[in-house]
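Q: Each chain, letter by letter, is given below.
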Amino acid sequence: MARELSLNDIVKMYRDPQLAKKLVKAIHAEASKLDHTLIMHVCGTHEWTITHYGIRSLLPDNIELRAGPGCPVCITPASDIDSIVKLALEENITITVYGDMSRAKGGEGISLEDARSLGADIRIVYSIQDAVKLANQERNRKFVFFGVGFDTTAPATAYMILKGIPENLTILSSYRYVPPAVGALLKAPDLAVDAIINPGHSSTVTGMKPYKKYFDVSKKPMVFSGFEPIDVLISILMILKQLISNCPKMENEYKRSVTWEGNVKAMNTIFKVFDLVEGYWRGFGIVEGSAFVFKDKFSDIDARIVYGLGEPKSSSEFVRNAKCGDVIKGKIDPVECPLYMKECTPDTPKGPPMVSVEGTCRIWAEHKVTAIFKCRI
Amino acid sequence: MTDVVKMVHGAGGQAMQQLIKNYILRHLAWGDVDVPLKMLDDSGVANGIILKSDSYTVKPLFFPGGDIGRLAVSGTVNDILMVGGKPLALALGLIIEEGFPFKDLDRILGSISNTAKEADVPVITGDTKVVERGALDKLVLNMSGIGVRHPKLDHNIEVIKNFRKDFSSKWLLDCNIKPGDKIILSGYIGDHTIALLSVREGVNFKVDVESDVAPLVEPMDRALSVGGVVAAKDPTRGGLANLLNEWAEKSNVGIKIYEERIPIRDSVRNACEYLGLDPLELGNEGKVVLAVIDELAEDVLKALRATELGKNAEIIGEATNEHNYVVMETVIGGLRVIPPPIGDPVPRIC
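Heads up: the sequence lines are chains A and B, in that order.
As numbered in this note's numbering, residues 1 to 377 make up the first sequence, in order.
As numbered in this note's numbering, residues 1 to 350 make up the second sequence, in order.
Just so you know, these hints were derived from the structure itself, not from any lab.
Since this is a predicted model, take the numbers as computed values, not measurements.
We put the CB at the ideal spot given by N, CA and C, even for glycine.
Watch out, some of these pointers could steer you wrong.
Unchecked claim - Under the rule of at most 25 Å between Cα atoms (straight-line distance), these lysine-lysine pairs were calculated in the DSS-like manner:
(1) A:K368 <-> B:K178
(2) A:K342 <-> B:K6
(3) A:K342 <-> B:K250
(4) A:K342 <-> B:K21
(5) A:K241 <-> A:K187
(6) A:K368 <-> B:K21
To be verified - Footprint (simulated), chain B over chain A, 3 or more residues, beta carbon under 8 Å:
(7) 19 to 25
(8) 53 to 63
(9) 226 to 237
Just need the whole structure built from these sequences, with the hints factored in.
A: What follows is the structure, given as structure tokens:
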């Protein structure tokens with residue numbers, strides 16, 4: 001009788017050394033038929049897998065794999081951080097926020113963590129549920145939940161809002177919708193992206209469908225990828241094959257999670273609460289139809305309206321000489337920033353990509369990436 | 001360095017190296033002996049006598065696979081073994097918090113006795129202090145030990161010299177490694193730290209793994225009897241990552257290891273993924289890493305595997321002159337640098 005597959009067996013399949021060798025060999029064979037090719041991914045978890053397993057060291061010289069704007073903390077507008085810091089310090093409002101987000105500094109050079117050391121009441125939470133619980137426990141205090149992240153975190157917030165949240169809790173929405181950002185990346189002239197590895201978590205929620213219109217315009221390979229090293233290698237091979245056959249496609253490598261329609265229930269929940277409008281991504285710029293803002297009927301829980309915070313805008317938002325913006329956008333690798341691992345380290349971060357565990361600089365720093373080791377096949 | 005000592009300064013990583021260099025060595029790096037303090041090796045050697053002192057503050061005191069008593073004997077005995085010594089005798093310092101139960105004290109002393117018998121090293125002197133409640137957490141042990149040259153050490157070095165004429169070290173030191181030497185690990189990594197974590201308050205996961213804490217007398221005997229061992233070190237705080245970086249720095253070589261060959265239990269790997277820990281940075285208390293000349297590596301491996309504590313040994317990599325990093329070939333064949341840990345991710349494991 002066949003033995004049942006354990007979780008360990010499944011994970012091992014996606015890290016299988018023999019399969020990896022075959023894939024790398026195939027990638028090299030295909031790549032020899034191509035010129036310089038830039039593949040961009042837009043997810044901190046993909047960057048972690050790529051760096052942790054040394055995937056770049058396995059690629060031929062002409063295949064470049066670069067991280068784009070895939071870190072929620074990094075792309076959260078500096079002006080939103082400034083606004084919420086002001087609420088905490090001047091209005092004595094309790095801010096509930098994810099741990100990573102609390103350490104990112106705004107345009108004024110102050111983070112929520114800094115605000116706490118100045119006396120503000122900042123509570124670290126893991127989800128909107130925690131914020132609701134805290135607000136319920138202290139009905140006399142005013143709470144704001146700093147809603148940051150992508151399509152992956154927005155549904156939970158929308159769901160809680162529909163269920164009803166306590167009156168003393170409002171939400172500052174800095175949520176962003178990923179598909180239009182990928183569209184913007186594909187047409188950015190200064191990037192010259194040849195193909196995209198699409199984010200697995202986000203696409204599980206949105207589905208592949210919203211990417212269709214951006215694909216139709218760009219006609220560049222687009223592969224929806226999982227997060228194990230074999231997933232990433234297969235995705236790269238899929239992209240190279242598409243490029244060689246000159247037959248770009250939207251292709252799904254992550255079939256065990258991503259579908260064409262996505263999580264319809266989650267997306268419906270989001271759109272019951274939010275509209276999509278033009279939105280600013282820190283370091284990246286303005287992206288049409290990418291910001292989740294509250295529908296009018298939820299204006300009483302919209303911190304932006306309740307406290308008159310105004311819309312996020314671009315501002316001079318990174319410290320001098322730091323290339324955070326170029327790293328976030330995917331124009332350069334962290335090692336090209338003059339501050340990387342000099343003034344700017346995980347202990348002394350100068351910008352959000354070194355603050356967040358999903359930031360490209362932080363991931364590279366923790367793996368001590370100062371040079372890419374190539375290896376012989 | 002900031003103006004106060006933090007937990008990270010005692011955690012076996014880079015911060016602790018800074019404390020040692022900027023404070024301890026600044027005052028105490030003098031004295032002309034066989035192996036002086038400034039070499040920062042596992043033990044010091046003066047006039048042929050090996051001397052080692054270590055303090056133990058593990059939480060909890062009793063854990064799956066061992067207790068603070070077994071840990072104290074093993075830790076000190078192992079550090080004497082690691083420079084090529086034969087442990088002769090131990091000195092026990094007991095610092096006890098007011099209110100500590102005699103029942104627990106009895107159990108710990110019994111464990112010290114049993115482990116010392118296992119290693120064949122008696123405790124011959126000691127000291128006892130009781131401090132007021134709150135001055136420390138229950139119990140701190142100090143275990144010091146002396147040793148002499150291991151009877152097989154000269155044979156071991158003769159064997160090295162057959163292949164490497166210029167080998168001049170009299171002891172197994174961190175600075176002895178040359179490109180081409182093989183790196184052998186005696187068994188599964190991470191067991192000790194994960195076993196401790198699994199019984200810590202506030203950590204909510206179950207894992208069926210016991211600490212590896214043990215004196216490494218037999219594996220070292222066997223390895224030295226074969227010969228060809230140029231360096232030995234136990235991957236305690238900071239784990240394999242710290243050990244290999246110390247070797248690379250002190251020997252001025254690069255080290256390449258292969259992820260696929262590193263023995264690690266599925267349960268430990270899973271716990272690490274769940275907790276966000278790197279198994280290479282976890283402390284061990286019953287493992288040894290040997291650097292062995294290429295020609296004898298297979299023979300030493302075989303000898304290790306014939307022992308109970310070394311039965312899962314593997315050759316995990318080799319020293320190289322291609323670079324001066326510690327680099328790991330990952331399971332999928334990619335390369336990445338293994339940096340020295342900033343500090344042990346789990347405090348008070350030893």
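Q: If a hint holds in the structure, say so; if it does not, say that too.
A: Checked hints:
no.	hint	verdict
1	A:K368 <-> B:K178	holds (24 Å)
2	A:K342 <-> B:K6	holds (23 Å)
3	A:K342 <-> B:K250	holds (24 Å)
4	A:K342 <-> B:K21	holds (21 Å)
5	A:K241 <-> A:K187	holds (22 Å)
6	A:K368 <-> B:K21	holds (22 Å)
7	19 to 25	holds (count 3)
8	53 to 63	holds (count 6)
9	226 to 237	holds (count 3)
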